[in-house]
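The listed protein sequences correspond, in order, to chains A and B. Numbering of the first sequence is given in this note's numbering, commencing with residue 1 and proceeding in unit increments. Numbering of the second sequence is given in this note's numbering, commencing with residue 418 and proceeding in unit increments.
No wet-lab data here; the hints were simulated from the structure. Accuracy of the hints is not assured; some may be wrong.
To be verified - Here are the simulated SDA-like pairs of lysine to any residue, each with C-alpha atoms no more than 25 angstroms apart in a straight line:
1) A:Lys241 to B:Gln495
2) A:Lys129 to A:Val374
3) A:Lys277 to B:Gln495
4) A:Lys414 to B:Phe696
5) A:Lys218 to A:Leu353
6) A:Lys147 to B:Tyr460
7) A:Lys416 to B:Ser582
8) A:Lys414 to A:Val38
9) A:Lys416 to A:Arg70
10) A:Lys213 to A:Ile411
11) A:Lys79 to B:Ser698
12) A:Lys171 to B:Ser698
13) A:Lys231 to B:Pro585
Take a look at the letters that make up each chain.
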Amino acid sequence: MRKYLALAAVAAGIWGAGASQAHAVEIEYWQYLFDSRVTAMNKLIDRFEELNPDITVKQTTFPYADYQTRLVAAKAAGKSPEVMQLFYGWLDKFASGKLLQPLSEDVFPSAEIEKDFFPIVTAMKRDGKYYGLPTAVRSLALFYNKKLFKEAGLDPENPPQTLDDMIKAAKATVKQDGSGNMISAGITLDMAGQDQHWWREVLVRQFGGDPYKDDYTKVNYNDDAGLKALKFYTGLQTDEKVGKVGFMDEGQAAFRAGLAAMTIDGTFRLGAFSSIKNFDWGVTELPANADGLRSNYASYFANGIAAGVEGEKLEAAEKFLKFVSSKEAMDIWLKTVGELPARREAAMTDENLKDPIYGPFLKGLDYAHTTMFVDESAQRQVSIDMVNRVLLQDQAPDESLKQAADAEQAIIDKAKK
Amino acid sequence: MTSANTTQVQVAPQGGRSRKRLRMQTKRVLWAWGFLALPIVFYSWIRFYPTLDAFWLSFTDWDLLNEPNFIGLDNYRQLFNDPQFWQVFKNTFTYLLAGTPISLCFAFVIAYFLDRVRFMQGFIRALYFLPFLTTASAMAWVWRWFYQPVPIGIINGLLADFGISQQPFIRSVDQALPSVLLTAIWAGVGFQIVIFMAGLRAIPQTYYEAARIDGLGEWAILRKITLPLLKPTTVFLVVFSSIGFLRIFDQVYNITTNDPGGPLNSTKPLVLMIYQSAFSSYQMGYAAAQTVVLFTILLIVSLIQLWVMRKR
Numbered sequence: 001m002r003k004y005l006a007l008a009a010v011a012a013g014i015w016g017a018g019a020s021q022a023h024a025v026e027i028e029y030w031q032y033l034f035d036s037r038v039t040a041m042n043k044l045i046d047r048f049e050e051l052n053p054d055i056t057v058k059q060t061t062f063p064y065a066d067y068q069t070r071l072v073a074a075k076a077a078g079k080s081p082e083v084m085q086l087f088y089g090w091l092d093k094f095a096s097g098k099l100l101q102p103l104s105e106d107v108f109p110s111a112e113i114e115k116d117f118f119p120i121v122t123a124m125k126r127d128g129k130y131y132g133l134p135t136a137v138r139s140l141a142l143f144y145n146k147k148l149f150k151e152a153g154l155d156p157e158n159p160p161q162t163l164d165d166m167i168k169a170a171k172a173t174v175k176q177d178g179s180g181n182m183i184s185a186g187i188t189l190d191m192a193g194q195d196q197h198w199w200r201e202v203l204v205r206q207f208g209g210d211p212y213k214d215d216y217t218k219v220n221y222n223d224d225a226g227l228k229a230l231k232f233y234t235g236l237q238t239d240e241k242v243g244k245v246g247f248m249d250e251g252q253a254a255f256r257a258g259l260a261a262m263t264i265d266g267t268f269r270l271g272a273f274s275s276i277k278n279f280d281w282g283v284t285e286l287p288a289n290a291d292g293l294r295s296n297y298a299s300y301f302a303n304g305i306a307a308g309v310e311g312e313k314l315e316a317a318e319k320f321l322k323f324v325s326s327k328e329a330m331d332i333w334l335k336t337v338g339e340l341p342a343r344r345e346a347a348m349t350d351e352n353l354k355d356p357i358y359g360p361f362l363k364g365l366d367y368a369h370t371t372m373f374v375d376e377s378a379q380r381q382v383s384i385d386m387v388n389r390v391l392l393q394d395q396a397p398d399e400s401l402k403q404a405a406d407a408e409q410a411i412i413d414k415a416k417k
Numbered sequence: 418m419t420s421a422n423t424t425q426v427q428v429a430p431q432g433g434r435s436r437k438r439l440r441m442q443t444k445r446v447l448w449a450w451g452f453l454a455l456p457i458v459f460y461s462w463i464r465f466y467p468t469l470d471a472f473w474l475s476f477t478d479w480d481l482l483n484e485p486n487f488i489g490l491d492n493y494r495q496l497f498n499d500p501q502f503w504q505v506f507k508n509t510f511t512y513l514l515a516g517t518p519i520s521l522c523f524a525f526v527i528a529y530f531l532d533r534v535r536f537m538q539g540f541i542r543a544l545y546f547l548p549f550l551t552t553a554s555a556m557a558w559v560w561r562w563f564y565q566p567v568p569i570g571i572i573n574g575l576l577a578d579f580g581i582s583q584q585p586f587i588r589s590v591d592q593a594l595p596s597v598l599l600t601a602i603w604a605g606v607g608f609q610i611v612i613f614m615a616g617l618r619a620i621p622q623t624y625y626e627a628a629r630i631d632g633l634g635e636w637a638i639l640r641k642i643t644l645p646l647l648k649p650t651t652v653f654l655v656v657f658s659s660i661g662f663l664r665i666f667d668q669v670y671n672i673t674t675n676d677p678g679g680p681l682n683s684t685k686p687l688v689l690m691i692y693q694s695a696f697s698s699y700q701m702g703y704a705a706a707q708t709v710v711l712f713t714i715l716l717i718v719s720l721i722q723l724w725v726m727r728k729r
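Looking at chain B on its own, in the form it has when it is part of the complex (with noise of 0.2 angstroms):
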C-alpha cells in the first residue's frame, strides 16, 4: 500500500489533486480496514480468546459449578495416565490413517471416470454428493439400523440370504470401528469428489492433446500429467479430510447412542471423550488438557502434510 501511495506522489504533477487523490487513496485502505477490523475483533473474540482460556483451564479443576484452582499439570498427569485416553488415541489415528487414504483414493477414482462419462453425469454426482447434504445425525441412525442383527438389519439379511452367518459389525470390538468408519468415508467422499473433478477439469486439455501425440499411454498420462498437475486440490483434500478425521464425533455418537464410543470404547475418538468429560462428569479442567492435546495434534498433523505437499 505504501509504495502505492508514494509513487502516486512523485507521478501527480499538479499539487492539489494529488493531496486529494491521496486522500481517497487512504481512505479507502482505512475503509476497508475498518470493515475488515470489525470481523477480525469478533473472531478473535470467538476464536482466540477462548482457546486461550481453554488453556488456562487445562491447568485447573474447573466443574463448571466451583470456582477453579490451579492445579498445575495434574490434568495432563492424570491423563496420560488414563488407559482410556491411549485407546481413545489410537481409534482417532485409526480413522485418521484409514480414512483419509481410502476415502481420497476412493473419491479420486471416482472422479476420474465420472469425469470421462458424460451421460447422466450431473446426476451421477449429485448421487454421490447427496449423503454429504444430510445431517450426519440423521445418517447415522439410518446406518445404525441396516448394522443390526436380523430380524431388522439390512446388511445380515443380505448376509443371510447368501448363506453367510451374521456379522455382529457395532456390538464388536474388532469390527465396530471399522464399521463407523465406513459411514463417516460414505459421507464425505461426494464432497471429495466434486472437488476432485473441478481440479480434474482445471488441467488444460491441451496438455493431454500434446501427450497423446507423442504416444504416451493412459497410465503414464495419469501419473505424468493428470497427478502431478492436481497436487494443489489433493493437498487441500489430504489436510481438510484429515482435520474431519480427527475431529470425528457425530457419527459415532449418534451410531452408539447407548454406549457411546462403545463397545468397550473401540469407537471413542477424542472430541468424544472430551464432550463426555465436560458435559457429563463436569470436569471442565480435563476436557480442556484433552482439547489442548486435540489442538496440537491437530496442528502436528497439518503442519507435517503442508510441509510434505509444499510446493517445490
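Just chain A, with the same shape it has in the complex (with noise of 0.2 angstroms):
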C-alpha cells in the first residue's frame, strides 16, 4: 500500500511539474532587420521576461524587402508569430487577409489609447478597433549642414524657417564646376526617398489644397493648389537649379558625403547620421510657408496580434504587446533607436522638446498628417513618375499632375474592390 502511495506521489509530482511546465508560455515576435531596432528589442525583451518569468519571447527578423512577404506566406503557411510588426500603410491589407486579429476592448481600451497617444495612431482603427500599437513613430525635419553653411556664409545655428528662406539658403549653397554641372547641391530632390511625403502631405497643403478627400479615398491634389506645390518642387531643379534628382544617386547619401547642403528627412535617418564625422549637422522643422503655415508626416510601425493566436498564447501575446507599448519600452526605443515615442507623455518632456534633435521632430508631430495608402510603393510610383514626366519629357505640369492623379486613384479604386 505504502509502495502504491509512493508511487501516487511521484506520479502527482511528475503531473504538477509538467502543468507548470505548460504555464511556460513560449511566443514569437517578428519584426524586419534593422540592427538599432533589433537591439532595441532584445532590451525589451530581456526587461518583459524578468517582468513575467512565465512568458518566454522568441524574436526572428527578416531582411526588410523580405519582411511583407515573408508574413504574408506565415499565413498561408499557418505559421504566423504570435505578435508582428507591421508598417501602418499595410494595415487594410492585412486586415482583410485576416492576417491580424483586432485588439481586445478589455485590455486595450480605445478611449485610452486616444488619450495617451498621438493622434496619428488611428490609423491602426478600422470599424471602432483597433489592430495594433505602435512603439515609436517618425517624422520629417530639415537636416542641414551647418559645415557648408558657414562656407556660404549663412548661419549655422539660425536654419530656414521659411520656403523661401530655404531657397535662399540653398542658392547660397550649392556648388558648380566650369561647365555648370553641380558638384555640390543646395538641397536634394529624391521623390523615392521622402520627398514624396513633403510634397504630398507638406507642400500641397501649404499651397493651400488637401492632398486627399473622404478619408483618403479620393485623390483630391489635381487642382491649382497641387500644380503649384508640384511646379515648386520641379522649379528647384529647373528654375532655382538647387538640386537635381539623381545627384549622388540618392539624397541621403549626398548628404552623407558632404555635397548637399540640404535634405529633408526622417527619424529614421539619426542612426545613419550619427556615424558622420567630417562635418557637423542640425535639424530644423520642415520650412513654413509665407503664411506660417506648417505641416509634416507621421508615420510608424505597429505591432499587431496575428489572427488565430487564443488562450494562454493570447493572453502572453497581449501581455507583450502592452509592455512594448508602454512608456518604459519608448524611453528604451528613444535612447536604442532614435525614434520618437508613440505616447504623448513620453514624448513631450521638457528634455526631449529641447533636444536640438528630437525637438524639431517633436514639434512636426503636432501639425503632422498620415497618409492612408492602400499599396505604399505603387502611390510612391506615381509620384516618381510624375516628377520624372516633367523632368525628363517636359511634359506640362498640369498634364503631368492629372495623369498621376488618375493613376493614383485607379490603385484606390482597385484596392477597395
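Join these two chains into a complex; the hints should help.
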C-alpha cells in the first residue's frame, strides 16, 4: 500500500511539474532586420521576461525587402508569429486578409489609447477596432550641413524657417563646376525617398490644397494648389537650379558625403547620420510657407497580434504588446533607435522638446498628417513618375499632375473593390 | 532495350544461363529507371506542377491572402489594355533583339582572335570570364556608380576630361535601356567567348590546312569553313542568350532600385513587372497571367530559333 502511495506521489509530482511547464508560454515576435531596432527589441524582451518569468519571447527578423512577403507566406502556411510588426500602411491589406486580430477592448480600451497616444495612431483603427499599437513614431525634418552653411556665409545656428529662406540658403550653398555641372547640391531632390511625403502632405497643403478627400479614398491634389506644389518642387531643379534628381544617386547619400547642404528626411535616418565624422549637421522643422503654415508627415510601425492566436498564448501576446507600447519601452526605444515615443507623455517631456535633434521632429508631430496608403510602393511610383515626366520628358506640369491623380485614383479604387 | 533483350534470348545457347542474363539485363534497366524516377518525379513536381498551377492562377484574382476566385480571362484583358504592359513588352524585345546579336558578334570576334593568340591566352580568357562569375547584383551596383553624374560618376568624369558634356545615362528615358543592356552584355560575354573558343577548337585543323593549300584567303576560310562548322555552337548560344535576355531582371532591378524599371518604365522588363505585381502589389493572378505570356514568348522564340537553325 505504501508502495502505491509513493508511486502516486511520484506521479503527482510529475504531473505537477508538467502543469507548471505548461505555464511557461513561448511566443514569437517578428520584425524586419535593422540593427538598432533589433538591439532595442532584445533589451525590451529581456526586461519583459524579467517581469513575466513564465513567458519567453523569441525574436525573428527578416530583411526589409522580404519582410512583408514572409508575413503573408507564413499566414498562408499557418505559421504566423504571435506578435508581428507592421507598417501602418499595410493594415488594410493585413486586416482584409485576416492576418491580424483586433485588439480586445477590455485590455486595450479605445478611449484610453486615444487619450494617451498621438492622434496618428488612429490609422490602426478599422470599424471602431484597433489592430495594433506603435512603440515609436517618425516624422520629417530638414537636415542641414553646418559646415557648408558656414562656408556660404550663412548662420549655421539659424537654419531656414520658410520655403523662401530655404531657397535662398540652397542658392547660397549650391556649387557648380566650370561647365555648369552641379558638384554639391543646395538641397537634395529625391522623390523615391521622403520627398514624396513632403510633396503630398506638406507642399500641397502649404499651397492651399488638401491632397486627399473622404478618408483618403479620393485623390484631391489635381487642382491649383497641387499644380503650384508640383511646379515649386520641379522648379528647384529647373528654375532655381539648387538640386538635381539623381544627384549622387540618393539624397541621403549626397548628404552623408557632405555634398548637399540640406535634405529632408525622417527620424529613422538619425542612426545613419550620427556616424558622419567630417562635418556637423543640424535639424530644423520643415520650412513653413509665407503665411507661417507648417505641415509634416508622420508614420510608424505598429505591433499587432496574429489572427488565430488564442488561450494562454493570446494572453501572453497581449501582455507583451502592452509592455512594448508602455512608456518604459518607449524610453528605451528612443535611446536605442532614436525614434520618437508614440505616447504623448513619453514624448513631450521638457528634455525631449529642448533636445536640438528630437525637438524639431517632436514639434512636427503636432501638425503631422498620415497618408492612408492602399499600396504604398505603387502610390510612391505615381509621384516618382509625375516628377520624372516633367523633368525628363518636358511634359506640362498640369498634364503630368492630372495623369498622376488618375493613376493613383485607379490604384485606390482597385484596392477598395 | 527490347530489341537488345530479344537478341540475347536468341543468341543464348543454354536455357538456364540465358534466363539469368536476361534477368540481369532487366534488373539493370529497372535499376536505371529506379534511379531516374526519383529526379523525374521531383522535377515534375517542382517544375511542371507550379507551371500548371500558374496557368490556373492566371484565371483567378488570388491576392495571396484570400481564397482565389475564378474570373476567367479578366487578367488577360486587363494586361492587354495596360499601356505599361506594352511598354514593358517593347523593352523586353529590345533587350532580346539588340542584346543577342550584339553580344554574340562581340563574343565571336574576341574568341576568333583570342584563339590565335598564344601569349597569355589563358589569362586574357580568364579576364573576360571573370564578370560572368560575379554576382549580377554586385556588378549592377558598381555600374550604377559608374553611370552617376559628376562628381562621382567615372564615365562622366572621363567625358568631362575630354570636354564632352555630361550624359544622364540611367537618368534618361532614352539612354537608360542601352546603359543597362551594356552591363548585361558585358556580364555575359565571357561565357559566350569560352563556348565559342571551345567550338573553334573542335574544328579539325586539317580542313584549314587543306583550304590554305588550295589558296583560300582568310575571309573565305571564315565564311566557308569556320562559320558553317561552328553552327551547333552558335545555335546553342543564340537560344541560350535569347532566353537570358528575355528573362533579364537582376541588372535592371539593381541598377534602378530607387525607381525599379525606371525612369518612367523605360528599362522595365517583363520579369520585373511580374515581380512587382506579385510581391509588391500581391496581385498573384495578374502576375500569373504575365508569367503565362512570358512563357509563351519564350517557347515561341526558342522554337523559331531551333527551326531556323536546324540541321539540313
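Cross-check of the supplied hints:
no. : hint                 : in the structure
1   : A:Lys241 to B:Gln495 : 41 angstroms, violated
2   : A:Lys129 to A:Val374 : 19 angstroms, holds
3   : A:Lys277 to B:Gln495 : 52 angstroms, violated
4   : A:Lys414 to B:Phe696 : 17 angstroms, holds
5   : A:Lys218 to A:Leu353 : 36 angstroms, violated
6   : A:Lys147 to B:Tyr460 : 62 angstroms, violated
7   : A:Lys416 to B:Ser582 : 48 angstroms, violated
8   : A:Lys414 to A:Val38  : 36 angstroms, violated
9   : A:Lys416 to A:Arg70  : 24 angstroms, holds
10  : A:Lys213 to A:Ile411 : 15 angstroms, holds
11  : A:Lys79 to B:Ser698  : 22 angstroms, holds
12  : A:Lys171 to B:Ser698 : 40 angstroms, violated
13  : A:Lys231 to B:Pro585 : 22 angstroms, holds
Comparing the model with each earlier hint shows violations of hints 1, 3, 5, 6, 7, 8, 12; every other hint is respected.
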